[in-house]
Amino acid sequence: MIVIDNGTKSYDGSQNILKDISFSINSGDMIAITGKSGSGKSTLLNLIGQLDTFSSGSLFIKGIDTAHLNDKHRSKLRNELFGFIFQSYYLIPNTSVLENVILPLYYSNKKISYQIKLELVKKQLKSVDIEDLMYKKVDLLSGGEMQRVAIARSLINNPEIILADEPTGNLDKYNSQNVFDTLNTLNKTGKTIIIVTHDDSLASKCDKILRLNNGNLEDYI
Amino acid sequence: MSSIKKLIHITYISIESNIIFLSFAIISFVISYMLLTNTTISLNSSYINTYRQVQNFDDHLLILNNSVTYDIFYDIDSHAVFDYSPISEVMSNQIFYIDNVPYTITSNIKGVSNLYFSIGNPSNINNTYSFDKVKLLKGSIWGDNDDKIGSSVVIIDEFTSNYIYGTTESIGMTINLISTSGKREKFFVCGVVENSSTQNQLIKDLSHLDKNKNPHDYVKLQFYIPYYTYEQFLDTPDHLIDANQILFYTHNKEELSHLEESLIHYNLVNYVTQQRIEDIFNQNFKDDYLETISFIVIMIIISCTNMINVTLFSIKSRRQEIGIRRALGATRTNIYLQFTFEMIIFLLISGGIGISLSLFINMFQAYVFNNSFIILDLNSILIMFISTIIFGIIFGIIPSYKASKIKIAESLRLK
Ligand SMILES: Nc1ncnc2c1ncn2[C@@H]1O[C@H](COP(=O)(O)OP(=O)(O)O)[C@@H](O)[C@H]1O
Ligand SMILES: [Mg+2]
Numbered sequence: 000m001i002v003i004d005n006g007t008k009s010y011d012g013s014q015n016i017l018k019d020i021s022f023s024i025n026s027g028d029m030i031a032i033t034g035k036s037g038s039g040k041s042t043l044l045n046l047i048g049q050l051d052t053f054s055s056g057s058l059f060i061k062g063i064d065t066a067h068l069n070d071k072h073r074s075k076l077r078n079e080l081f082g083f084i085f086q087s088y089y090l091i092p093n094t095s096v097l098e099n100v101i102l103p104l105y106y107s108n109k110k111i112s113y114q115i116k117l118e119l120v121k122k123q124l125k126s127v128d129i130e131d132l133m134y135k136k137v138d139l140l141s142g143g144e145m146q147r148v149a150i151a152r153s154l155i156n157n158p159e160i161i162l163a164d165e166p167t168g169n170l171d172k173y174n175s176q177n178v179f180d181t182l183n184t185l186n187k188t189g190k191t192i193i194i195v196t197h198d199d200s201l202a203s204k205c206d207k208i209l210r211l212n213n214g215n216l217e218d219y220i
Numbered sequence: 361m362s363s364i365k366k367l368i369h370i371t372y373i374s375i376e377s378n379i380i381f382l383s384f385a386i387i388s389f390v391i392s393y394m395l396l397t398n399t400t401i402s403l404n405s406s407y408i409n410t411y412r413q414v415q416n417f418d419d420h421l422l423i424l425n426n427s428v429t430y431d432i433f434y435d436i437d438s439h440a441v442f443d444y445s446p447i448s449e450v451m452s453n454q455i456f457y458i459d460n461v462p463y464t465i466t467s468n469i470k471g472v473s474n475l476y477f478s479i480g481n482p483s484n485i486n487n488t489y490s491f492d493k494v495k496l497l498k499g500s501i502w503g504d505n506d507d508k509i510g511s512s513v514v515i516i517d518e519f520t521s522n523y524i525y526g527t528t529e530s531i532g533m534t535i536n537l538i539s540t541s542g543k544r545e546k547f548f549v550c551g552v553v554e555n556s557s558t559q560n561q562l563i564k565d566l567s568h569l570d571k572n573k574n575p576h577d578y579v580k581l582q583f584y585i586p587y588y589t590y591e592q593f594l595d596t597p598d599h600l601i602d603a604n605q606i607l608f609y610t611h612n613k614e615e616l617s618h619l620e621e622s623l624i625h626y627n628l629v630n631y632v633t634q635q636r637i638e639d640i641f642n643q644n645f646k647d648d649y650l651e652t653i654s655f656i657v658i659m660i661i662i663s664c665t666n667m668i669n670v671t672l673f674s675i676k677s678r679r680q681e682i683g684i685r686r687a688l689g690a691t692r693t694n695i696y697l698q699f700t701f702e703m704i705i706f707l708l709i710s711g712g713i714g715i716s717l718s719l720f721i722n723m724f725q726a727y728v729f730n731n732s733f734i735i736l737d738l739n740s741i742l743i744m745f746i747s748t749i750i751f752g753i754i755f756g757i758i759p760s761y762k763a764s765k766i767k768i769a770e771s772l773r774l775k
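Protein chains in written order, with the working numbering: chain A, 0 to 220; chain B, 361 to 775.
Note that these hints are calculated values from the structure, not bench results.
Fair warning: there could be bad hints in the mix.
Each computed DSS-like pair below joins lysine-lysine, with the alpha-carbon atoms no more than 27 Å apart [stated by the list, open to error]: (1) B:Lys365 with A:Lys110; (2) B:Lys498 with A:Lys116; (3) B:Lys365 with A:Lys121.
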């Protein structure tokens with residue numbers, strides 16, 4: 000599903016942050032990306048998720064070379080194929096849970112009525128057990144609730160691939176477990192999950208582990 | 361339509377974080393709106409007043425300042441009867457006798473029904489377009505019926521009344537007017553009007569003159585008689601010599617051009633038509649209006665330049681939000697449009713507050729200084745509304761473009 004060939008990334012032509020990386024991810028995989036802080040995990044995840052582009056090398060998504068995609072195509076991939084979950088949740092401040100979760104539907108080209116959008120949001124919030132928070136301002140939520148809003152938002156367009164950058168990094172044990180279980184369940188329903196984490200016990204529960212060391216692909220088991 | 365709906369849904373306006381921008385915008389809106397309404401309203405009212413002065417025949421006679429001799433007023437209410445008497449004949453050098461003193465009509469135009477005209481000595485004639493409102497002091501103006509049957513009624517001014525009768529209490533008195541062909545008619549005074557400013561000036565001048573000189577050489581005795589009366593009473597003239605100013609009204613374009621043709625035919629070069637009065641006023645109106653608008657445009661441009669700065673600043677603080685939106689699937693165009701739209705909405709909000717505020721200020725000053733209250737001027741609001749949208753689009757270009765160019769991965773690294 001995702002194939003990276005000699006992928007290299009550098010900012011402004013300075014030293015390479017990712018060096019000649021090649022690997023592939025199959026549909027339905029649950030992969031952990033691990034490595035020390037600053038080893039390039041987030042950079043790699045962003046590259047996969049079309050938030051950034053490789054300096055050289057190629058990235059194929061479902062057989063399509065992403066190098067020459069225009070902004071519209073990339074945006075469509077981010078909107079429909081990928082769902083993003085971040086360590087610091089990245090909810091839009093001063094807005095409600097509903098407004099956050101519904102947002103990807105507005106950026107999608109699917110023509111659906113507001114009523115249906117609302118139903119989709121409700122359904123998604125229910126799946127992460129926070130349907131009663133729908134009209135609450137996100138700023139008032141706890142960390143665990145915020146991350147669940149973020150998960151609901153990442154799932155609203157029914158993406159095939161979930162990209163999670165240290166999703167449990169800011170959460171307590173209980174909530175971390177909860178988030179991981181949710182991702183695990185999603186993987187069981189056929190979604191491809193890529194988690195960046197430096198929690199080894201979490202990583203060990205994944206099908207595969209991709210270890211980065213200073214921009215090099217150390218191993219991929 | 362659906363894209364506007366979408367814009368509304370993705371709009372993210374936080375008043376708290378834009379309070380400086382908001383107050384700045386409000387202030388410029390207050391100033392612009394007040395300027396705009398004040399100009400509009402003062403221009404409107406001066407226009408309407410002049411218009412009224414010219415049109416209102418109810419209890420006023422109107423004469424052209426400094427050219428009392430050839431005033432012809434066509435009553436707008438009776439233009440329907442115009443066609444029964446086309447302009448074809450012009451009087452000239454008719455001599456009238458009042459108590460055996462001869463007076464001359466130098467020229468006069470005939471053919472307009474329901475007409476008021478004056479007879480006098482054509483001295484001191486200037487071509488000006490200002491109007492005097494002449495107040496009826498005593499009696500009344502003849503009615504439509506007098507016009508139709510040709511009643512022998514006359515309206516005179518204060519000076520004439522005093523000159524002839526030694527008093528302004530002259531209603532019901534008679535004046536004999538005699539035409540050159542010897543026709544003699546007794547006219548009843550039905551009204552006395554205020555002196556025109558010209559007349560007053562002449563009276564003032566007169567006091568310095570040689571007492572032995574005949575005052576008729578200097579002063580105009582003015583008589584206003586109904587047109588039909590005039591038509592029946594006077595004889596056909598030979599030709600027209602130069603009339604100085606003629607003011608007439610008609611709402612019928614055809615009549616107007618017909619009249620204009622006649623005037624040109626008789627070499628009447630200086631005449632004022634309603635159309636021309638309107639043109640002159642419209643021109644003045646436009647000039648003033650343009651002046652104000654260009655001033656406002658400059659003000660808005662200055663404030664918008666500041667707005668760009670503020671918006672750029674706000675975009676810097678919103679980089680992460682932009683990154684999140686992009687990660688969720690927003691295209692560059694989505695971001696661009698969102699920021700432009702937000703700018704417009706923001707301007708409209710501050711415009712709304714600004715306009716309300718200026719109305720409030722107006723009410724307040726009207727209350728304190730007992731001035732006339734400036735009402736809600738829909739025209740100005742419309743202008744503000746449209747220009748706000750246009751400015752929002754123009755001045756949103758740079759900030760919105762910057763916002764759309766923000767790199768996603770980098771903006772998401774920001775804390
Ligand atoms: N936009 C950027 N400009 C310059 N350097 C960057 C940028 N983004 C990341 N880096 C650098 O790339 C390296 C890897 O970063 P990152 O992928 O965030 O590491 P990790 O997520 O593994 O902690 C770091 O040294 C970081 O400083
Ligand atoms: Mg990281």
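Hint by hint, here is what the structure shows:
1. With a C-alpha separation of about 12 Å, the suggested pair Lys365 (chain B) and Lys110 (chain A) falls inside the 27 Å cut-off, and the hint holds.
2. Taken as a hint, the Lys498 (chain B) and Lys116 (chain A) pair is broken in the structure, with Cα atoms around 80 Å apart against an allowance of 27 Å.
3. A distance of roughly 21 Å separates the Cα atoms of Lys365 (chain B) and Lys121 (chain A); the hinted pair therefore holds under the 27 Å criterion.
In summary, the one numbered hint that this structure violates is 2.
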